[in-house]
Amino acid sequence: MSPDTLSDVLHHLRLRGAVFFALSASSEWAAEAPPAAELAPLLMPGAEHVMEYHAVAHGSCWAGMPGGAWVQLSAGDVVMFPHGDAHVVASRPGLRGSTDRAWLAGLQPDGLPSRIAFGGPEVAPSGADDGRPDVTLVCGFLGCDLRPFDPLISALPPLVHLRATEADGWVATLTRQALAESRARRAGGQALLARMSEMMFVDAVRRFADRLPAHSAGWLAGLRDRVVGRTLALLHAQPARPWTMAELGRQVGLSRSALHERFVQLVGMPPMQYLAQWRMQSAARLLLETRATVAAIALDVGYESEAAFARAFKRSLGKPPAAWRRERMAAAV
Numbered sequence: 647m648s649p650d651t652l653s654d655v656l657h658h659l660r661l662r663g664a665v666f667f668a669l670s671a672s673s674e675w676a677a678e679a680p681p682a683a684e685l686a687p688l689l690m691p692g693a694e695h696v697m698e699y700h701a702v703a704h705g706s707c708w709a710g711m712p713g714g715a716w717v718q719l720s721a722g723d724v725v726m727f728p729h730g731d732a733h734v735v736a737s738r739p740g741l742r743g744s745t746d747r748a749w750l751a752g753l754q755p756d757g758l759p760s761r762i763a764f765g766g767p768e769v770a771p772s773g774a775d776d777g778r779p780d781v782t783l784v785c786g787f788l789g790c791d792l793r794p795f796d797p798l799i800s801a802l803p804p805l806v807h808l809r810a811t812e813a814d815g816w817v818a819t820l821t822r823q824a825l826a827e828s829r830a831r832r833a834g835g836q837a838l839l840a841r842m843s844e845m846m847f848v849d850a851v852r853r854f855a856d857r858l859p860a861h862s863a864g865w866l867a868g869l870r871d872r873v874v875g876r877t878l879a880l881l882h883a884q885p886a887r888p889w890t891m892a893e894l895g896r897q898v899g900l901s902r903s904a905l906h907e908r909f910v911q912l913v914g915m916p917p918m919q920y921l922a923q924w925r926m927q928s929a930a931r932l933l934l935e936t937r938a939t940v941a942a943i944a945l946d947v948g949y950e951s952e953a954a955f956a957r958a959f960k961r962s963l964g965k966p967p968a969a970w971r972r973e974r975m976a977a978a979v
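Under this note's numbering, think of the first position of the sequence shown as 647, with each following residue one higher.
FYI, nobody ran anything at the bench for these hints, they're computed from the structure.
Backbone N, C-alpha and C define an ideal beta-carbon position, used for all residues, glycine too.
Keep in mind that a hint or two might mislead.
The calculated label-pair distances, taken between Cβ atoms and stated as ranges, are [claimed, not checked]:
(1) Leu-858 x Ala-976: 35 to 45 Å
(2) Ser-706 x Pro-966: 22 to 32 Å
(3) Gly-692 x Ala-886: 46 to 56 Å
(4) Arg-887 x Pro-691: 30 to 40 Å
(5) Arg-738 x Ala-892: 54 to 64 Å
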């Protein structure tokens with residue numbers, strides 16, 4: 647796998663993490679989360695897409711989507727819902743929680759983790775066994791940008807379950823830290839937890855990619871492939887270069903037709919189409935994160951004229967670059 651390519655895509659996603667709930671539960675219980683699209687405007691204003699995760703600090707429980715498969719979670723496990731689907735975390739599979747949305751109005755996204763208890767004591771102090779709940783979880787959210795081009799999130803399944811291993815003990819540290827912050831509310835705690843949430847997501851993506859079956863397809867599988875991974879690395883390293891299939895083929899040691907076929911088989915589109923879409927994603931990031939003019943950005947991403955870039959951008963996002971920038975900047979305020 648090319649770590650630079652994955653890092654490049656993660657950077658362009660503009661991940662923003664937050665931890666909002668420290669949940670403890672005993673006996674029979676169920677917590678049902680609505681689709682992330684309902685939560686995003688309240689929890690992470692300005693985020694285009696929101697993903698939810700749950701990390702188990704103590705005990706065990708189950709997680710799944712209504713009508714779908716369920717997975718059992720143990721201490722140290724993490725479950726993520728990359729597509730923002732409605733889901734349930736419960737004491738046993740098949741249970742449903744309340745669908746009342748009134749509690750959404752009371753959320754305070756600028757606060758440190760809120761504490762929620764179901765049918766038993768709240769989160770116990772570190773090291774305390776008496777009166778400890780059956781299960782303790784940390785529930786967090788990750789915001790990101792999917793438009794105009796998302797090769798990564800779309801390559802993930804609706805539910806990603808990562809079991810605890812000795813190599814990722816820092817995830818347990820994250821959950822303990824989140825529980826501590828829910829009690830102490832120390833200065834800087836929210837920023838610390840946000841960064842740790844982002845780290846956990848990156849680790850989850852790498853671990854998921856590492857365990858893909860040998861004959862998998864998709865962007866992550868392409869990243870692991872020797873030829874397609876090298877091609878992706880070239881396109882990401884120099885997106886403004888006037889690449890041709892002939893030049894890419896020479897660089898990776900494959901004929902144009904063989905490279906085209908292999909790339910489409912794994913990534914789902916031809917290399918030149920991928921390049922065009924990635925240029926739009928790079929341009930969108932520059933529009934949001936810099937004060938560069940539209941003309942300068944057009945040159946930076948490989949267009950010879952501002953007019954050609956503006957037409958391509960409008961086809962992709964429905965608005966000219968300057969208007970899209972103003973709208974997104976206003977929404978983020």
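The hints, checked one at a time:
1. Checking the proposed 35 to 45 Å range against Leu-858 and Ala-976 shows it holds: the Cβ atoms sit about 40 Å from each other.
2. With their beta carbons about 53 Å apart, Ser-706 and Pro-966 fall outside the hinted range of 22 to 32 Å.
3. Separation of Gly-692 from Ala-886 is about 28 Å and departs from the stated range, judged on CB atoms against 46 to 56 Å.
4. Judged by the Cβ atoms, the range 30 to 40 Å given for Arg-887 and Pro-691 holds: they are separated by roughly 37 Å.
5. Take Arg-738 and Ala-892: their Cβ atoms lie about 59 Å apart, and the range 54 to 64 Å holds.
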